[in-house]
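Engineer: Protein sequence lines correspond, in order, to chains A and X.
Counting in the numbering used here, the first sequence runs from 2 upward without gaps.
Counting in the numbering used here, the second sequence runs from 2 upward without gaps.
Calculated directly from the structure, the hints in this document are not laboratory data.
Hints may be right or wrong, so weigh each one.
Since the list gives no way to pick out one identical chain from another, each pair is judged satisfied if it fits inside one copy or across any two copies.
Derived pair list, reagent style DSSO-like, types lysine-lysine, alpha-carbon separation capped at 30 Å [claimed, not checked]:
1. 112 x 131
2. 131 x 101
3. 191 x 150
4. 84 x 131
5. 191 x 57
2 protein chains.
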Amino acid sequence: MDFFETVQRRRSIRRFTNEAVPEEVMRKALHAATLAPNSSNTQTWNFFWVRSPEKKARLVEYCLSQSAARTAAELVVFVASPKMWRRSQPGLIQWVKDVKAAKDIIFYYEKLIPYSYRWGVFNSWGLIKKIGYFGVGLFRPITRGPAFKGEIQEVAIKSTALAAENFVLALAAQGFASCMMEGFDEWRVKRLLELGCSDRVVMVVGIGREQVPGTWGYQYRIPAEQVIHEI
Amino acid sequence: MDFFETVQRRRSIRRFTNEAVPEEVMRKALHAATLAPNSSNTQTWNFFWVRSPEKKARLVEYCLSQSAARTAAELVVFVASPKMWRRSQPGLIQWVKDVKAAKDIIFYYEKLIPYSYRWGVFNSWGLIKKIGYFGVGLFRPITRGPAFKGEIQEVAIKSTALAAENFVLALAAQGFASCMMEGFDEWRVKRLLELGCSDRVVMVVGIGREQVPGTWGYQYRIPAEQVIHEI
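Pulled out of the complex, with its shape left as it was, chain A reads as follows:
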């Protein structure tokens, strides 16, 4: 499907039919998710396709049994995993060497990534970084983070959101509907997925074929001139 048609077609659908979603549709959409841009290509994300009926039932409950979860044929949880730069680092170093990247890029992946993506015990290393950034920032432009745990989580959350957007668009492009949900019990979802302490649940996405009408009505957007500022 054409890109702009896909964007127009994608709506948050809250009621699905009981039609199954073919496995290849799901795999194609999950693959599209992995191609999203992300912070320094560290890919600090995990996608949980909850297929076991028992776990799925619990996940629906943790999404407060809203219809977009309850009627969904499939459920996928998008998780930001800020510590997962460790998982990517060896492959990334190999990659930048493979493509013969500049020396400072290789240095970045070998040495700087561990400094940037760590926060230390009780944010101690984060505090040292923050003071450093602040000090340098008095004299010249500098990035202000990520320093603390919350900021490093935020970077991972942003990247994971980009992946989730690719995912829902890829479903729309294949004629399937979805709903991104933020209304869930994060503590219980984390326990269900056995996530680490610093992991964050970004979205739960319900997927299926739209049961018309699956939306409340037309797509409302506030006037563009209130949002888009040319300066």
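Use these hints to put chain X onto chain A, whose structure you have.
Structural biologist: Then chain X, alone, in the frame of chain A:
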């Protein structure tokens, strides 16, 4: 362009030619950004297309003069504005009434949104919410937020990231390249754009025609089975 081709084509391009980007290409991409899904349709985002040469030069400097900013024909800043639910609320109430949504949806937009999206002086209201969520959460699943200012910012940041992903894909679909940047001086960018205290700069996107090679090489992704978990 076909959706999946678009996703494959989109890469983070760090060097652009000095070809201009037609205004209609930019407007089409910005429009696609506004169609992204977002939290309760509150559209707590602002997109700044920095066109004045003087401001653009300063923005490049605040992006640490990286080539993706320095060589970009256009620069757009994606800003999360957590207080902007106030801007959307009247239109949203009209909308849910127009589409004859259920009473609880109208109640949600009239009464619950202000409770959910406020944090109060020194997070005081956030604390009350948090204690309430925690208490109820002992007995049954419940959303754990957003309660505090940081959590409400996080919700807006997620929505804004979704819009930014639509934006870069829409550029790719029209044959133009882009690079999402997180390496910028947020304090200085906020001052340049005259943003509010609670606003957050999510991304600066550089846009132009790719100067080949605009990437370091092939697109590296860690093995899918490390990221996609079927449970």
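Engineer: Taking the hints in turn, state whether each one holds.
Structural biologist: Quick rundown of the hints versus the structure:
1. In this assembly of identical chains, the alpha carbons of residue 112 and residue 131 lie at most 30 Å apart only when taken from the same copy (18 Å versus 39 Å across copies).
2. Neither within a single protomer nor between protomers do residue 131 and residue 101 lie at most 30 Å apart by alpha-carbon distance, with minima of 32 Å and 50 Å respectively.
3. Proximity of residue 191 to residue 150 under the C-alpha cut-off of 30 Å is found in both arrangements, the shortest distances being 18 Å within a copy and 22 Å between copies.
4. Taking the closest pair of Cα atoms, residue 84 and residue 131 come within 30 Å of each other both inside a single copy (19 Å) and across two copies (26 Å).
5. Taking the shortest alpha-carbon separations for residue 191 and residue 57, only the intra-copy value of 14 Å comes in at or below 30 Å, while the best inter-copy value is 43 Å.
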